[in-house]
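Undergrad: Sequence:
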Amino acid sequence: MSLLVKSNARGRTMVELAEGELQYVGFAAYRLSLGETLPVAAGDKELCLVLLSGRVGIHGEAPGQGAFNWDNLGDRQSVFEDKSPFAAYLPPGSQAQVVALSDAQVAVCAAPGSTITDLGPRLIRPETMKRSVRGKGANTRYVCDILPDSEPAHSLLVVEVRTPSGHSSSYPPHKHDTDDLPHQSFLEETYYHQINPPQGFVFQRVYTDDRSIDQAMAVENNDLVVVPKGYHPVSVPYGYESYYLNVMAGPKRVWQFHNDPQHSWLLDL
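Throughout the sequence shown, residue numbering follows my numbering, covering 1 to 269 in sequence.
Simulated from the structure, these hints should not be mistaken for laboratory data. It is possible that some hints are incorrect.
[Stated by the list, open to error] Listed next, the in silico SDA-like pairs over lysine to any residue satisfying Cα-Cα at most 20 Å (straight line):
(1) Lys6 x Asn222
(2) Lys6 x Pro197
(3) Lys83 x Val133
(4) Lys6 x Leu32
(5) Lys130 x Asp149
Build out the structure end to end from the sequences listed, making use of the hints.
TA: This is the structure we're talking about:
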């Protein structure tokens with residue numbers, strides 16, 4: 001199967017991972033016009049709603065937790081602004097409406113939830129998110145932890161990354177597809193991409209040691225790359241800037257990765 005999910009140029013759904021494509025991770029990204037409403041139902045999943053751009057209100061209720069109403073959220077017009085996003089965590093059984101207070105883009109990240117935990121719905125504000133710089137030289141990129149493993153959830157891990165023009169990211173190539181803690185954890189992953197300017201493209205390769213998976217993709221604005229297993233580096237051509245939103249989930253909520261030994265020497269540069 002192709003690991004590249006192409007985006008829709010028009011309509012509310014920008015890109016969506018087909019149901020059942022991955023065992024643990026679900027993803028969709030939407031564009032909303034002023035006044036438009038997006039209904040969201042968690043079902044047996046837990047959700048993280050990420051406001052990519054624009055302003056919205058989020059209103060709904062969660063079983064045993066009552067109603068939640070978060071108004072006038074959002075203060076960035078592009079994912080390429082040097083700002084963290086607003087996000088919201090919704091436990092299983094939640095029902096919500098996302099109301100666009102301007103033109104907006106919203107990502108819905110999903111993973112298996114649990115009704116055993118007492119996690120309730122919560123707003124994740126930008127100022128609570130850890131921001132960091134990773135790598136050096138042409139491997140430098142800028143990371144914002146939206147829902148890291150240090151914050152409560154059952155399965156979901158969510159992070160966004162901006163990579164400058166001419167740089168590489170998720171590099172040296174690494175993987176997290178083996179349940180071998182503390183050395184490596186098993187986590188499926190999706191990469192939702194945006195490009196600045198939007199007519200550009202980036203390259204992403206997904207490959208395994210035995211090359212049972214080995215796909216190199218030219219990824220355009222709003223496309224989604226699926227990583228069921230294997231290494232998954234990204235390269236950004238000169239003149240364009242990369243943004244991607246990562247969603248990870250697996251049987252254990254721990255991010256522990258393994259570098260490709262053929263390229264680990266790069267860490268010594």
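Undergrad: Would you mind marking each hint as holding or not holding in the structure?
TA: How the hints compare with the structure:
1. Straight-line distance between C-alpha atoms of lysine 6 and asparagine 222 comes to about 8 Å, which keeps the hinted pair within the 20 Å bound.
2. Distance restraint check for lysine 6 and proline 197: the Cα-Cα separation of roughly 18 Å lies within the 20 Å cut-off, and the hinted pair is therefore satisfied.
3. Note on lysine 83 and valine 133: the hinted pairing holds, with a Cα-Cα distance of about 14 Å set against a maximum of 20 Å.
4. Between lysine 6 and leucine 32 the CA atoms are separated by roughly 19 Å; this keeps the pair inside 20 Å, and the hint holds.
5. For the given pair, lysine 130 sits about 12 Å from aspartate 149 by alpha-carbon distance, which is consistent with the 20 Å threshold.
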